[in-house]
Amino acid sequence: MIDEGRTAPTFALNDQFSRKVSLEDFRDRQHVLLVFYPLDWTPT
Amino acid sequence: MEALLPRFRAAHTQVLGVSIDSIHCHANWARDLGGISFPLLSDFEPKGAMADSMGAYLSGAGITDRATVLIDSGGTVRHASSVGPAGERDIAELAALCESVDSTAGTPTQDAPTPKGLGKDAVLYVKKPCGFSRRVRVAVDNLHETGLEIRNVSEDASALAALKAATGSETAPCLVLDGKPVLEADQIVRTLAERLAPIG
Numbered sequence: 000m001i002d003e004g005r006t007a008p009t010f011a012l013n014d015q016f017s018r019k020v021s022l023e024d025f026r027d028r029q030h031v032l033l034v035f036y037p038l039d040w041t042p043t
Numbered sequence: 000m001e002a003l004l005p006r007f008r009a010a011h012t013q014v015l016g017v018s019i020d021s022i023h024c025h026a027n028w029a030r031d032l033g034g035i036s037f038p039l040l041s042d043f044e045p046k047g048a049m050a051d052s053m054g055a056y057l058s059g060a061g062i063t064d065r066a067t068v069l070i071d072s073g074g075t076v077r078h079a080s081s082v083g084p085a086g087e088r089d090i091a092e093l094a095a096l097c098e099s100v101d102s103t104a105g106t107p108t109q110d111a112p113t114p115k116g117l118g119k120d121a122v123l124y125v126k127k128p129c130g131f132s133r134r135v136r137v138a139v140d141n142l143h144e145t146g147l148e149i150r151n152v153s154e155d156a157s158a159l160a161a162l163k164a165a166t167g168s169e170t171a172p173c174l175v176l177d178g179k180p181v182l183e184a185d186q187i188v189r190t191l192a193e194r195l196a197p198i199g
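Protein chains in written order, with numbering that gives the first Met the number 0: chain A, 0 to 43; chain B, 0 to 199.
One chain only, chain A, in its complex shape (with noise of 0.2 Å):
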């Protein structure tokens, strides 16, 4: 897992409304949760 306390690399990926969500369009306005889970169709 990555270190606590380092700065957070920056992605842009698509979501489920065919949006581009960028790690930078929360930036001072958000804390952000990142829920990684292994497949869809298995429990969240």
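In case anyone wonders, no lab produced these hints; they're calculated from the structure.
Every residue gets a Cβ at the ideal spot worked out from N, C-alpha and C, and that includes glycine.
Possibly wrong hints are sitting among the right ones.
Below 30 Å or equal to it, Euclidean Cα-Cα: the simulated DSSO-like pairs (lysine-lysine) are [said to hold, decoys possible]:
| no. | chain 1 | residue 1 | chain 2 | residue 2 |
| --- | --- | --- | --- | --- |
| 1 | A | K19 | B | K115 |
| 2 | A | K19 | B | K46 |
| 3 | B | K163 | B | K119 |
Which bits of chain B does chain A cover? Going by a derived footprint, with three or more residues having C-beta under 8 Å, they are [stated by the list, open to error]:
| no. | stretch |
| --- | --- |
| 4 | 14-20 |
| 5 | 92-101 |
For chain A, the structure is supplied; the task is to place chain B on it using the hints.
Same frame as chain A, but now just chain B:
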């Protein structure tokens, strides 16, 4: 997770789900779960690259770990953990973690966007059978939008006439919003999400 969203929002935290599945797989699975309005990101191409950058990709298995990473509004990683692919996350514990980081790392300096809504005159025209219309309806369900009028132009001649009168064309799916047509499934889905569950 969806049920606790107000608590995360109050802690100035945006939840983002991430797996290696496609956006279409995400959308259908999310609806099957009762609707997911927070973004599910597709770490699809190159597969798992974003998860890998956070140390959350299981390269041997080709899937993401059941990991959780909290990044504060300044961009610093405040928490990173994993319960393993077969483990179970404690969502209430994660909400408490976000509340704690919000109070110690500092509340963001700018406001998050608030949903504008669609307005009472919005109408979604769909046809059947049509994969694009289906995609738009899945998005409506994921956004828990129950107030939007949906009219099927394949089964209802008056709906087809209304679509033609509003847009000058019989092209569906079509979202008429603030009196203007929005065409193309991707554009309609993006517009619905921006009005009902904006990000940033």
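Can you list which hints this structure breaks, lowest number first?
none
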